[in-house]
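These protein sequences, in sequence, are chains A and B.
Counting from 1, one number per residue, gives the positions in the first sequence under this note's numbering.
Counting from 1, one number per residue, gives the positions in the second sequence under this note's numbering.
One thing to keep in mind: the hints can contain errors.
[To be verified] Calculated from the model, a selection of chain A residues having no Cβ within reach of chain B, i.e. all distances over 12 Å:
{"id": "1", "residue": "238"}
{"id": "2", "residue": "281"}
{"id": "3", "residue": "363"}
[What the hints assert, rightly or not] Covered stretches of chain B, as calculated for chain A (at least 3 residues, CB under 8 Å):
{"id": "4", "region": "205-214"}
{"id": "5", "region": "227-241"}
{"id": "6", "region": "262-271"}
{"id": "7", "region": "282-293"}
{"id": "8", "region": "313-319"}
{"id": "9", "region": "360-367"}
[Stated by the list, open to error] BS3-like cross-link-like pairs, simulated, lysine-lysine; straight-line CA separation at most 25 Å:
{"id": "10", "chain 1": "B", "residue 1": "380", "chain 2": "A", "residue 2": "84"}
{"id": "11", "chain 1": "A", "residue 1": "297", "chain 2": "A", "residue 2": "121"}
{"id": "12", "chain 1": "B", "residue 1": "380", "chain 2": "A", "residue 2": "135"}
{"id": "13", "chain 1": "B", "residue 1": "36", "chain 2": "A", "residue 2": "84"}
Honestly, the hints are just simulated from the structure, not real lab data.
Just so we're clear, the structure is a prediction, and the values are computed from it rather than from any experiment.
Ideal Cβ placement from N, Cα and C applies to all residues, glycine included.
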Amino acid sequence: MDKKMSEWETVIGLEVHVQLATKSKIFSGASTLFGSSPNTQACNIDLGMPGVLPVLNEEVLKMAIKFGLSINANINSPTQFARKNYFYPDLPKGYQISQLDNPIVEGGGLEITLKDGSKKKIRITRAHLEEDAGKSLHEDFEGLTGIDLNRAGTPLLEIVSEPDLSSPEEAVAYLKKIHSIIRYLEISDGNMAEGSMRCDANVSLRKKGSKELGTRTETKNVNSFKFVEKAIQHEIRRQMKVLESGKRVTQETRLYDSQLDETRPMRSKEFANDYRYFPEPDLLPVILDEDFIKSVKDLMPELSEEKENRFIKEYKLSDYDANVLSVDPNLSNFFEEVVVRSRNPKLSANWIMGELSAFLNKDNLSILETKVDSINLGNLLSRIEDSTISGKIAKEVFEEMWNSEKSPDEIIQEKGLKQVTDSSEIEKIINQVLEQNQSQLEKYKSGKEKLFGFFVGQVMKASRGKANPEQVNKLLEERLKE
Amino acid sequence: MTELHKLSIKEKLKGLKDSTFSSQELTESYLKRIKKLDNKINSFITVLEERAVRSAKESDQRYTSGSALPLDGIPIAHKDIFCTEGVLTSCGSRMLSNFISPYSSTVVKNFEGSGSVVLGKTNMDEFAMGSSNETSYFGEVKNPWKKDYVPGGSSGGSAACVSAGLASGATGTDTGGSIRQPAALCGLTGIKPTYGRVSRYGMIAFASSLDQGGVLTKSAEDAAYMLKTMSGHDPKDSTSLNVEVPDFVKEIDKEIKGLRVGLPKQFFSMNMPEYVEQSINESLKVFEKLGVKIIDVDLPHIDLSLPIYYVIAPAECSANLSRYDGVKFGYRCEDPKNLEDLYMRTREEGFGTEVKRRILIGTYALSAGYYDAYYLKAQKCRRLVANDFKEAFKSVDLILSPTAPDTSFALGAKTSDPVEMYKQDIFTIPANLAGLPGISVPCGQHQGLPLGLQLVSDNLEESKILRMAHHFQLNTDWHKSWPELD
């Protein structure tokens, strides 16, 4: 398989649907809050009642422009809405208001970091605004389909990439980059489990070196980074089998089944071929003048790439650390809050990427749900910095902090973990240890100097880790020379 | 007292103010006429008797307390295309024959805010598609002037009810002539204002870029009162114009001397019945006497209007009517076997022939491979027509023509020939394509059936149109005659 694979080249383009985090819907005043009881957040407009008309929510324009500017794209003015016609029970009007010609964002691109650390530019074709449909609930009613139109009219930004991605890993890196951008811009919560970010993958294969694109399939609605990777992997294997057997790939829409880990064709009734787009007569073309675009630009936050560079420069972080800490705006904010207190960026980075993320993973929590907040973590690290405790003890304190949510100083106090830095205290312990380990001491003196480490360990153990390790080393060395 | 319905709106307002009669008396006199006469013409789908009396009483209280509103106590009717909260809003279709609207259109609210009394909802061609009011699910409307003749359409119920004296005035909508043509056929004044002047929110859509609300009344003066009430910017309609609304009533008295009226060569070179031409010529003489100049104008692309319209309007309607699928509201077929069956039978049974014809035409015109040749080309040609008007208005203030090619025709005469029916709107469609305001004014009669002339002006010049119509009516009596029904 691998050998065969090397003859083929994968071409992937992604369509990413991002739900924009506006308070109200794209064409009505109804709330966009997730998780309310069915049909309680759908007004006459969302329901497509006879006679209703859409009114564009200006916030969505700002959000789309922010995205466009962040990927160096053109902002089209005027930008035009269009009707995309198809029948489906959760599409109340029988058409979706979307964009075809003159989408709000056109062109631009972004850089992804590949495994070997090199960067690759992925071009973006366009990003357009549209309304989300409702949801069909097939499970809850026997023999019937329930329709929940709460989601109908939620603003979506559909981001379409050029077919510049050549592996499932690259596709995931691209998705993660989009995810990072939209969260930095605060235009979406990017919550894939709740459907705030969904992805359709266009995949095709061609013989290596060939310039022509192969026939592609579109795999719809893949809703996690992992599933995107698996769905594309599956699709590559499937298409290769088809092509290797001399058959042709059918251009079709497929659905990824995460339980069976396979893609399968959608019934032809599940999608329409001819959407009969035409300009939406209920909405005039929107003029986005330079002043408006500038006013949006002025409100843009620092983006991950700028932040990454700043972390390298300002905090002297490694490229790797800076990259990891800048991808997620919540994580980078947390990091900077910790540094304010710890005053040691490298130490802070190590702890956040090491201990903290291990605990978060263990409890399956996001950085926003952490049980040790940035203030407490910063204070804990400052106790390492001022030699109150050792790094090892700090880990013990951290675990206690995680479980009790107490402050580090409280725990250090309660458990008497304050580091021993008094030389006479340490000397006392050294004497004790040497007395209890006469045979080892003799061996050491007869030349087995490797045992030095053993003594350090014993002293640290006897102090229950509280002795300052540097001092232990120094005093022990002096004592053994005697 | 029996002649209350013959008073103008201005006279009614004075009578109410002076307590010569109460709104309740006025309203009840209309309700009595409706009960007595509407079975002959079928102009109402719903009569709101209790509701009308209730709001009439409220009007009377406001007159007593000295807080009367601009149209307080004036009984009117709404075309059944305007959503009215808590009331059947059928759009003349089986599809919405059970649809009680959960909200009111901006037009309905504007009239509520002006104190007018709503007598009921008027019959119409199904989804406003038709020129004879024969496509209504609620039965054909008859022309009060000759009861085996059509009232025109699609606002045929509104035209018939005002013409028969069953309401002071009625709202209508005009996509290709649906206010002006029935006004002409029923001897009324009917104005379609500039596209965007009247909010479309809650006005059930047929062809969004062409639909415009307006009024049908006995006189231009009555029309000015009603249009003033219904016009104005509406933030709920993105295509609504954010411009000041002139006081049409005040403006109406201004002189018309010196205004220039253009006669499109293309219209007048067509074959038209002698009596139509004659009525126009006599009307021109009236205008000339009033100091109006008559000039020939050229609208070189005007003959494209009908084909343009019958691509764009069906295209937009094919999308606008997709929401009637039996899922959320309105008619649903019995025992659907599956989703496709639900869609197919609901739409097969819920829509009438003409509506289905237009949905099919529109779907075809928008289909892949045909879009450029039909829809896109029609849009380009539409711009040519609009430019023709723009050019013409450099040398004239108004453009005059007959409203309809002929007087009313017998019920059933054109139902089997849709293209013949479509030709009814040959003079009215161009104003819709260009978004311009137009009015139809009674200008003659032939064999007991009314004739109308049409005036079209540049954008937002409804005042000029109403003024011209008003001065014409000060010097003619066509608008004062009533059909004999009783």
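Query raised in the report: Which hints from the list above does the structure break, by number from lowest to highest?
Result: Failing hints, ascending: 2, 6, 7, 12, 13.
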